[in-house]
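Undergrad: The chain contents come next:
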Amino acid sequence: MCDWCKVHASRDNKWYEEFDNYLFTRIFPDAEEQEQKKREMIATFAETEWRYSEPEYIRNVDFLRQRASAGFGSQIVTREEVLRILRLADEAAKREDSMLVVGHCPCRLVYDGVRDYCCVGFGMPVALSMEIGYGRLPREGLTEFGGAEWRELRRELRKHAKVPLKLEEAEELLDDWEQRGLWHIIMSRGRMPLIEAICNCERRYCTYWRNRVISGVPDYVRKGHFIARIDPLKCTACGACVEVCQFGAIHHSRIADTVDIDLTMCFGCGLCRTACPNDAIELVPRVEIPAARELW
Amino acid sequence: MEEKQAAVEITIDADRCRYSMYDPLGCKKCLQVCTAKVFATRPAHKRDFTVPLEQRVDPTIWVLVTPWADFCNGCGACIMSCPYDAISISIDGRVLKAQ
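Here the protein sequences line up with chains A and B, keeping their order. Residues 1 to 296 (my numbering) are what the first sequence spells out, left to right. Residues 1001 to 1099 (my numbering) are what the second sequence spells out, left to right.
Relax, there's no trap hidden among the hints.
Computed list of lysine-lysine pairs in DSS-like fashion (alpha-carbon distance at most 30 Å, straight line):
# : chain 1 : residue 1 : chain 2 : residue 2
1 : A       : Lys38     : A       : Lys166
2 : A       : Lys234    : B       : Lys1097
3 : A       : Lys14     : A       : Lys94
4 : B       : Lys1028   : A       : Lys234
5 : A       : Lys234    : B       : Lys1037
6 : B       : Lys1037   : B       : Lys1097
7 : B       : Lys1029   : A       : Lys234
In short, the hints are calculated from the structure, not lab data.
Chain A extracted, bound-state conformation (with noise of 0.2 Å):
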C-alpha cells in the first residue's frame, strides 16, 4: 500500500479519496497557521517561473530534498480518478469559496515559452491568487471564459492566468489532454497532503520530473495505484502503446513482434490504454501484482 494513503487516509481510502484533503481549512484548522500558510502561498505565486529556472533551486539535490520533506508532491492518477478526483474538488472549492480553474502550466511556460492551458487547479490557493490579481474573490462574472468554446477562445485566454472551468465541461478537456498524450498528476506544493491542483502533462517538461530524476526523492512524481497490463492474445503488436508511453516502459520485440510492459518501470497513468485501437491494456490494482506492489 502507497505510503501517503497509510498515513493521509482512513482505512481502505485511497489519500485523494479523502474529502477532507481538498480542504485547506480542515488540514490546518489553526488560525495562526492559516495566515502563515497563505504568506507562503503568495509568496510562491510571484516566484514559481522563476524558482523554475534557477539553478540553485532546481539543480540544488540538498533543497530537493528538503523541499520533499516539506510537503512537495505529486502522484500520477488515472483518467477515471481525475473525474473522481475533480468532483470531489468543486465540492470542497464551494465550500471555501474558491472554484476550478484551468491556468497555464508554468513548466511549459518557462522551458518552451509556450501558455499551455493544461493545468487545473482548485481550492485555497486559487481563491487566494484570484483575490490578489483580480482584487475579489471569484464570484460570477468572471465564468464567460470558460463554456464550450474552449478552442476558439483559447488565443482569447492567453491574456488571463487562470480560467474557470465547469465540471461539465471537465471530461471533454481531459479528453483533449489523453488525445495529446499527457499524463495527470495531482499535486500537493508543500502543504501535504492538502491537494491543490491537478497537472497535465508531458516527462520533458514537468519540474516534478526533474526534482525526481535530480534528487532521487520517488515522492515528487509518485507512481500511481494502478499498473498497466498487456493482454498478448489481444495484442497486435502494432506499437500505438510505445509511441505514448512517456516513462519507456513499453517495448516492442523486432525479433518477435511482441510488445511488453515492464512492471518495474510502469507508473499507471493509462495513457497506454487510451492509445490501444484493441483494448489489449488493461490497467489493474498495483497491489494485486507482487512484482510491482511495493515500487512508488
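Let chain A serve as the given structure and place chain B on it in line with the hints.
TA: Then chain B, alone, in the frame of chain A:
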C-alpha cells in the same frame, strides 16, 4: 507493517504438458505468449562430459521451468493459450486456471 512479498506460484502439470524442445510437434505456446517472460526452458539434466558416452543421459530431453515466476503480472494468457490446460497460477492465494 512490512507486507510479505507474496509468492507467485506457477504450477505446470507434467502429465498434461506436451512441451518438447526437439519434437517439431511439441507445444511452446506458453513460452511464446508470455510478455513478462516468466517461462524458460533448459536441459533436464546438467551435462557431464566426464561420464562415459554410453552412460550419458539424453541431452535432447528438456524441461519447462519458471525462473521468473515473481515477475508474473497475472494476465492469464498462458492459461488461455495452453491447449492441454496444464498451467495454473496462484497469486496471493488467488488461483488462476483453465475452467
